[in-house]
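Protein chains: 2
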Amino acid sequence: MYIPEHFHEQDEAAIAAVMADHPLASVVYQTPELNVSYLPLLRRGDRLIGHLAKANDMHRELADGADVLAIFHGADAYVSPNWYPSKAEHHKHVPTWNYQVVHVHGKIRFYHDEASKRRLVHALTSEFETRTNGTEAWKMGDAPQDFMRDRLADIVGLEIEITRVESKSKLSQNRDEGDHANVMREMEARSHDELAVAMARHRDG
Amino acid sequence: MYIPEHFHEQDEAAIAAVMADHPLASVVYQTPELNVSYLPLLRRGDRLIGHLAKANDMHRELADGADVLAIFHGADAYVSPNWYPSKAEHHKHVPTWNYQVVHVHGKIRFYHDEASKRRLVHALTSEFETRTNGTEAWKMGDAPQDFMRDRLADIVGLEIEITRVESKSKLSQNRDEGDHANVMREMEARSHDELAVAMARHRDG
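Here the protein sequences line up with chains A and B, keeping their order.
Read in order, the letters of the first sequence correspond to residues 0 to 204 in numbering that gives the first Met the number 0.
Read in order, the letters of the second sequence correspond to residues 0 to 204 in numbering that gives the first Met the number 0.
FYI, nobody ran anything at the bench for these hints, they're computed from the structure.
Virtual Cβ for every residue (Gly too), placed ideally from N, Cα, C.
Certain hints may be false.
To be verified - Selected chain B positions facing chain A (Cβ under 7 angstroms, derived; list incomplete): (1) 1; (2) 2; (3) 39; (4) 41; (5) 96; (6) 124; (7) 127; (8) 142.
As the list claims (entries may be wrong) - Quick list of in silico lysine to any residue cross-link-like pairs, SDA-like style, CA-CA up to 25 angstroms: (9) B:167 <-> A:20; (10) B:116 <-> A:53; (11) B:91 <-> A:95; (12) A:86 <-> B:95; (13) B:167 <-> A:25; (14) A:116 <-> B:196; (15) B:167 <-> B:133; (16) A:86 <-> B:153; (17) A:53 <-> B:95; (18) B:86 <-> A:129; (19) B:91 <-> A:54; (20) B:53 <-> A:4; (21) B:167 <-> A:41; (22) A:91 <-> B:55; (23) A:53 <-> B:53; (24) A:138 <-> B:185; (25) B:106 <-> A:37; (26) A:106 <-> B:185; (27) A:53 <-> A:184; (28) A:86 <-> B:113.
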């Protein structure tokens with residue numbers, strides 16, 4: 000990935016936030032053809048965990064240990080030159096785009112046994128259900144046992160052992176204080192709250 | 000891409016909407032290593048148009064005519080089993096994720112001459128500025144001529160000749176009417192307006 004130094008994200012908390020807020024990863028792999036699967040993934044220590052449909056050929060195309068790239072897409076938005084107060088002085092600005100993205104490189108491993116799949120599905124649903132429904136969180140035990148066993152038979156579990164993380168945060172860090180502050184206000188005014196928060200974090204961090 | 004038949008998006012208007020609403024494409028290519036550039040792209044007829052920083056090696060790594068995959072990511076959101084009214088009857092539901100994605104396969108061509116770059120930059124900025132600022136739209140002519148010439152020297156223009164478009168819309172189409180309607184309400188309540196609109200379009204289309 001092309002990353003100019005001022006956009007090279009190295010803050011672990013910022014990287015974790017993009018991954019946690021945008022769990023639907025684009026998992027890119029080569030067979031040698033280019034393939035992409037869209038899978039919700041969670042980071043657990045040095046691994047990403049998830050599952051995919053058994054009908055998705057990915058687990059047949061890749062051997063355990065194969066390289067994959069999981070891309071987590073943060074928020075993004077167009078940035079108009081009109082938003083820089085300094086434009087009124089010298090008009091030396093052009094449009095750009097602000098965004099955050101995290102590349103997680105790793106080695107994938109698939110799980111076909113029911114116990115592993117239960118463990119992985121439990122971890123994912125606990126996380127997403129607690130976020131969504133709090134104390135009303137759905138759990139596997141809510142479903143009839145034979146139904147749940149059939150659903151687990153329809154999926155394959157997976158873990159990706161992380162080998163490298165690379166991240167880019169393009170958040171107007173290369174602008175002067177007044178221009179940066181006003182782009183942040185425009186982001187807030189246009190409901191790009193996540194980008195505004197990320198911009199503030201970068202300014203203060 | 001793994002696309003079960005009921006999630007195979009074939010509505011040209013729906014595909015165009017995802018591309019227009021999410022122009023920051025992930026452009027994936029093989030050198031033979033896997034690479035990704037994040038570039039705002041617009042569809043113009045049988046082409047995608049855009050530009051990239053001259054400092055981005057992509058235009059040195061790929062020859063004109065090389066295959067690339069431009070991915071346009073629509074909105075996405077977790078779907079809880081609690082949102083299906085039919086869950087209360089039989090509890091036979093599991094979590095899932097709704098999302099829309101468009102894969103545009105094509106052959107890239109780069110432009111290094113100033114006239115082509117002006118044409119491409121004009122097309123992109125007109126589109127994004129008109130959307131953002133209406134009659135107050137910024138235009139290249141607002142910037143000093145020598146400044147604009149320097150900025151154009153910093154970029155490379157590109158066009159991608161589209162060879163194949165593939166799209167997936169996972170929008171609860173496989174649910175009964177009551178479950179579908181309530182997932183749509185939950186999306187609206189959680190400010191996932193774009194997904195709610197896409198779900199309604201699918202139901203009515």
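Verification of the supplied hints:
The closest approach between the C-beta of residue 1 of chain B and any C-beta of chain A is roughly 4 angstroms, which is under the 7 angstroms cut-off, so the hint is satisfied. Against a cut-off of 7 angstroms between C-beta atoms, the interface hint on residue 2 of chain B is violated, since the closest Cβ of chain A lies about 10 angstroms away. The criterion of a C-beta within 7 angstroms of any C-beta in chain A is met by residue 39 of chain B, whose closest approach is roughly 5 angstroms, and the hint holds. Interface hint at residue 41 of chain B: violated, since its Cβ lies 12 angstroms from the closest Cβ of chain A, which is beyond the 7 angstroms cut-off.
The closest approach between the C-beta of residue 96 of chain B and any C-beta of chain A is roughly 5 angstroms, which is under the 7 angstroms cut-off, so the hint is satisfied. A least Cβ separation of about 5 angstroms between residue 124 of chain B and chain A falls short of the 7 angstroms threshold, and the interface hint therefore holds. Evaluation of the residue 127 of chain B hint against chain A yields a held restraint, the C-beta minimum of about 5 angstroms falling below 7 angstroms. The beta carbon of residue 142 of chain B is positioned within 7 angstroms of a beta carbon in chain A (closest approach about 5 angstroms), and the interface hint is therefore held.
Straight-line distance between C-alpha atoms of residue 167 of chain B and residue 20 of chain A comes to about 22 angstroms, which keeps the hinted pair within the 25 angstroms bound. Proposed proximity of residue 116 of chain B and residue 53 of chain A is contradicted: the alpha carbons are some 46 angstroms apart, above 25 angstroms. Restraint check: the Cα-Cα separation between residue 91 of chain B and residue 95 of chain A comes to about 47 angstroms, which exceeds 25 angstroms; the hinted pair is violated. The hinted pair formed by residue 86 of chain A and residue 95 of chain B fails the criterion: a straight-line CA distance of about 46 angstroms is larger than 25 angstroms.
Proximity of residue 167 of chain B to residue 25 of chain A is assessed by CA-CA distance (about 13 angstroms); at most 25 angstroms being required, the pair is judged to hold. The straight-line distance between the Cα atoms of residue 116 of chain A and residue 196 of chain B is roughly 34 angstroms, outside the 25 angstroms bound, and the hint therefore fails. About 32 angstroms separates the Cα atoms of residue 167 of chain B and residue 133 of chain B, which puts this hinted pair outside 25 angstroms; it is violated. A hinted pair counts as satisfied when its Cα atoms are at most 25 angstroms apart, and residue 86 of chain A with residue 153 of chain B qualifies at roughly 20 angstroms.
A threshold of 25 angstroms between alpha carbons decides the hint, and for residue 53 of chain A with residue 95 of chain B the separation of about 15 angstroms falls inside it, so the pair holds. Restraint check for residue 86 of chain B and residue 129 of chain A: satisfied, since their Cα atoms lie roughly 18 angstroms apart, inside the 25 angstroms limit. For the hint linking residue 91 of chain B to residue 54 of chain A, the alpha-carbon distance of about 20 angstroms falls within 25 angstroms, and the restraint holds. This hinted pair checks out: residue 53 of chain B and residue 4 of chain A have alpha carbons roughly 15 angstroms apart, not beyond 25 angstroms.
For a cut-off of 25 angstroms, the pair hint linking residue 167 of chain B to residue 41 of chain A stands: about 23 angstroms separates their Cα positions. A distance of roughly 22 angstroms separates the Cα atoms of residue 91 of chain A and residue 55 of chain B; the hinted pair therefore holds under the 25 angstroms criterion. Restraint check for residue 53 of chain A and residue 53 of chain B: the C-alpha separation of about 43 angstroms exceeds 25 angstroms, so the hint is violated. The hinted pair formed by residue 138 of chain A and residue 185 of chain B meets the criterion: a straight-line CA distance of about 19 angstroms does not exceed 25 angstroms.
For the hint linking residue 106 of chain B to residue 37 of chain A, the alpha-carbon distance of about 24 angstroms falls within 25 angstroms, and the restraint holds. Distance check on the hinted pair: residue 106 of chain A and residue 185 of chain B sit about 36 angstroms apart at the alpha-carbon level, beyond 25 angstroms; violated. Our distance criterion of 25 angstroms between C-alpha atoms is broken by residue 53 of chain A and residue 184 of chain A, whose separation comes to about 46 angstroms. For the proposed pair residue 86 of chain A and residue 113 of chain B, the alpha carbon gap of about 24 angstroms is at most 25 angstroms, so the pair holds.
Comparing the model with each numbered hint stated earlier shows that hints 2, 4, 10, 11, 12, 14, 15, 23, 26 and 27 do not hold.
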